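Number of protein chains: 2
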Amino acid sequence: MSRVVDITELALRDGHQSLLATRMAMEDMAPACADIDQAGYWSVECWGGATYDSCIRYLNEDPWERLRSFRKLLPNSRLQMLLRGQNLLGYRHYEDTVVDRFVEKAAENGMDVFRVFDALNDPRNLARALEAVRRTGKHAQGTICYTISPLHTVERFVDMAARLRDWGCDSICIKDMAALLRPQPAYDLVKGIKEKCGADARVHVHVHSTTGVTMVSLMWAIEAGADVVDSSISSLSLGPGHNPTEAVVEMLEGTGYATKLDKDRLLKIKEHFAKVRPRYAEFESKFLGVETEIFDSQIPGGMISNMESQLKQQGAGDRLKEVLAEVPKVRKDAGYPPLVTPSSQIVGTQAVFNVLMGRYKAMTGEFADLMLGYYGETIGPRDEKVVELAKAHAKKELITTRPADLLKPEWEELRTQALALPGCDGSDEDVLTYAMFPQVAPKFLASRAEGPKNVSRKAAPAGAAQAPADGSGAAGKKPVAGPVAYKVTIGDRSHQVTVEPA
Amino acid sequence: MSRVVDITELALRDGHQSLLATRMAMEDMAPACADIDQAGYWSVECWGGATYDSCIRYLNEDPWERLRSFRKLLPNSRLQMLLRGQNLLGYRHYEDTVVDRFVEKAAENGMDVFRVFDALNDPRNLARALEAVRRTGKHAQGTICYTISPLHTVERFVDMAARLRDWGCDSICIKDMAALLRPQPAYDLVKGIKEKCGADARVHVHVHSTTGVTMVSLMWAIEAGADVVDSSISSLSLGPGHNPTEAVVEMLEGTGYATKLDKDRLLKIKEHFAKVRPRYAEFESKFLGVETEIFDSQIPGGMISNMESQLKQQGAGDRLKEVLAEVPKVRKDAGYPPLVTPSSQIVGTQAVFNVLMGRYKAMTGEFADLMLGYYGETIGPRDEKVVELAKAHAKKELITTRPADLLKPEWEELRTQALALPGCDGSDEDVLTYAMFPQVAPKFLASRAEGPKNVSRKAAPAGAAQAPADGSGAAGKKPVAGPVAYKVTIGDRSHQVTVEPA
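Residue numbers (my numbering), protein chains in the order written: chain V, 797 to 1298; chain F, 797 to 1298.
So here's chain V without its partners, still in its complex pose (with noise of 0.2 Å):
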């Protein structure tokens, strides 16, 4: 007999979020949803911040009918999100009321498993969103962002989960969004949660691919006793994407550990999203191989191409090598943050400023927020004399408490803000939408009548949009079809004149 492994397929939502800059609009997923619901997954991950974001910003979709769509095409299967704990699905700490709001609607809309995440790892922004999902009755995920630094060892990472635990979160998630979780590491964190905190715990893990090694990691951390491991359905996966799903399958052959996927399933599931997937090539991650440096530097692909452009703009495009040895000092300094959103860019760009204008000459709101706690707590001691620099620049003091403690109850004023807006309903979702998004949100409400718009190339022949293989290049190479109508000038007359193949 073998031991279950479970998988959460990711395709819905860090599958095309990785891959496909999160464009892919409900009509291109509803298809594959009844494959996907009796495929046999633990759960189905659909719904996060990039994707209610991408909703509102780009495909003029109601996130929250999104949410109710996949309850009803997934209707036997576990609807699990991405939770920016304090943050929730916004870019900012939300006072708990709204916090507990937002998880209530969640929930009451078909959410099934929450897992809640800080970029800082400070388990004090993660509490209210776990408690409430706690009431809730749903599943509670407790998260830890790993991370690389000389402060960042098994056993501390350990001591958070065992704390998470402590706290009643359902299940443990080890979260690798940078790919930099090796083999034996995850060995020895999934071993070492099991240990501290009992063989029942549950422990999901969550990498990427970017690196190319955490195929063999989700092994190691299955053979150390993980019960979920996640992953994406092959033709959404690798590069900065997620190892994929019938990959997974196979690996365990004979192993003595086995998922209960139905490989049919898996197949029409990977047909379909081979099919709709070059529609959407123009958003495409650019880069799809793999990438190691990342081990050495510390410094997610993005963020460097971020800096890059920062750099650019200041005419300092040679600079970038003195950037990034920067960057591993700018985050000493901060206390080892996580490189993640937001902390990436805040190191980011402190680091280019530090290169361009010497250090801390000048400084960011966001970096002197991140020195003075306002992010919450990192995992090492801040720089002190940084420390003074940031309260001088941000004319702030230096907080030690939960950095929500600070906020004033909001909702009410939301809430009149957003009924104000043309095209709210008036429901607690379009509240919450104009809470995550209020520079987004506005235009969204006005215009969500008209319903949502596909952003792939609809007209496009399957796999047009790609590159073909004899190297003839895109659809324009073909000769005109059709009529095409010029205006010609003619000395100082203007004709219009339509021209077609004879």
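Any given hint could turn out to be false.
Same chains, same label: a pair holds when it works inside one copy or across any pair of copies.
Stated by the list, open to error - Heads up, simulated DSSO-like pairs for lysine-lysine below, C-alpha to C-alpha not over 27 Å straight-line:
(1) Lys-1128 with Lys-1108
(2) Lys-1108 with Lys-992
(3) Lys-1082 with Lys-1254
(4) Lys-1125 with Lys-1059
(5) Lys-1059 with Lys-1157
(6) Lys-1082 with Lys-1071
(7) Lys-1157 with Lys-1204
(8) Lys-1192 with Lys-1249
(9) Lys-1108 with Lys-1071
(10) Lys-1064 with Lys-1117
(11) Lys-1191 with Lys-868
(12) Lys-1128 with Lys-1117
(13) Lys-1059 with Lys-1128
(14) Lys-1239 with Lys-1071
(15) Lys-1082 with Lys-1249
(16) Lys-1191 with Lys-1128
(17) Lys-1071 with Lys-1117
(18) Lys-901 with Lys-1108
(19) Lys-868 with Lys-1056
(20) Lys-1128 with Lys-1181
(21) Lys-1117 with Lys-1059
(22) Lys-1059 with Lys-1082
(23) Lys-1108 with Lys-1064
(24) Lys-1064 with Lys-1125
(25) Lys-1157 with Lys-1181
No lab work stands behind these hints: they were computed from the structure. These numbers come from a predicted model, not from an experiment.
We have chain V; now place chain F onto it with these hints.
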């Protein structure tokens, strides 16, 4: 202290063979050689049947000159080649003294490690070549082609390894050309060989990455004691190629195993091929993702596209499913040959014939030869009725001797024919080129003096041959922005005409 795991770098042979149709020119590999030579590889694979063929067929490069160049450019490295046993680098059996001469010449020109395999795993087809290698004092590596069938058990493979070891092979290679080697059999095979042949029996593991599971198989093979694993630098890896070298290095970090590779050198090699590869985009493998269907169908992707085009030529493009179902039956009738070149084509074509014309109503000459023992012995018994049909079709008898025993000395005749060709310089190397590829060699020898022809798009700016990330396709697709001026002549009068979008 970590146990050292050695690495064979595949970029210069199987890497570009699997990803870029073997088209890479020597001049595009040469600049990476200094770093490759210093990176700490156990060996550098750089020569084989397809590279030899491609050199004379497409690149107007003398393959022997290429070998001598590698010898000069990689003075500290073991050069490694892939040799098809009694077929050498061609597509038929050669008489024994031709085998001897080829091996001698390869050793003389700088080859160090000979990986010798036979598509049917018939050890009799390996014996002479291995013996010839041993006489030169070079490294003789006996190879097991890994495949899946009801008869291909770990025990049978281990028995074959023991036999190769008894013949004095310096090492054993497990060669998984179709990415079918899952972690558990990888572990069992290496363990089995080490137990049966002794801990000092060197085991090398060669896998492709097509199915997405083999990085884990390499890890498990290492855990079982594998001495050397094969990989390809990341910018020439994945898809139908191999696992990325840098990822193998990183995966081992902290595990108690380590490579001797220099990461700075690897980064330079990676960057070199990342720059070169886009110029070969027109030759790039169409599918670079993960395919796991082969585990069930046992039909490699390349074989499916072959069968599809055969069916289409017959106006039977809709019958692929029947053919796919027929392949395992034909394979069983033929005694379960591994499905690799040439057996995959032979079995696949016969399956097409069976579906279109009725089972074995027609038979290819090659399939008849396979059934009658002219390619060698298969692991399983061949179907007696089909053997009878093959005799009738081919008007030949069944043989049980080693196929090459039927051949008469042929060197003198080959030499006479080769020397008659314009451009032949009379060397044994030229005679061997003619012997390997009698159809292609005459044209090559005649044009050799013109020098190498690089088939990459040298003129294209970096990355131009890849699909642009914004999806805008070839230049032709962009709309004309401003007015365009033409001189239009109607009859004998010329007009200045400007045209712009209406």
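Can you name, in rising order, the numbers of the hints this structure does not satisfy?
Violated hints (numbers, rising): 2, 5, 7, 8, 11, 14, 18; every other hint is consistent with the structure.
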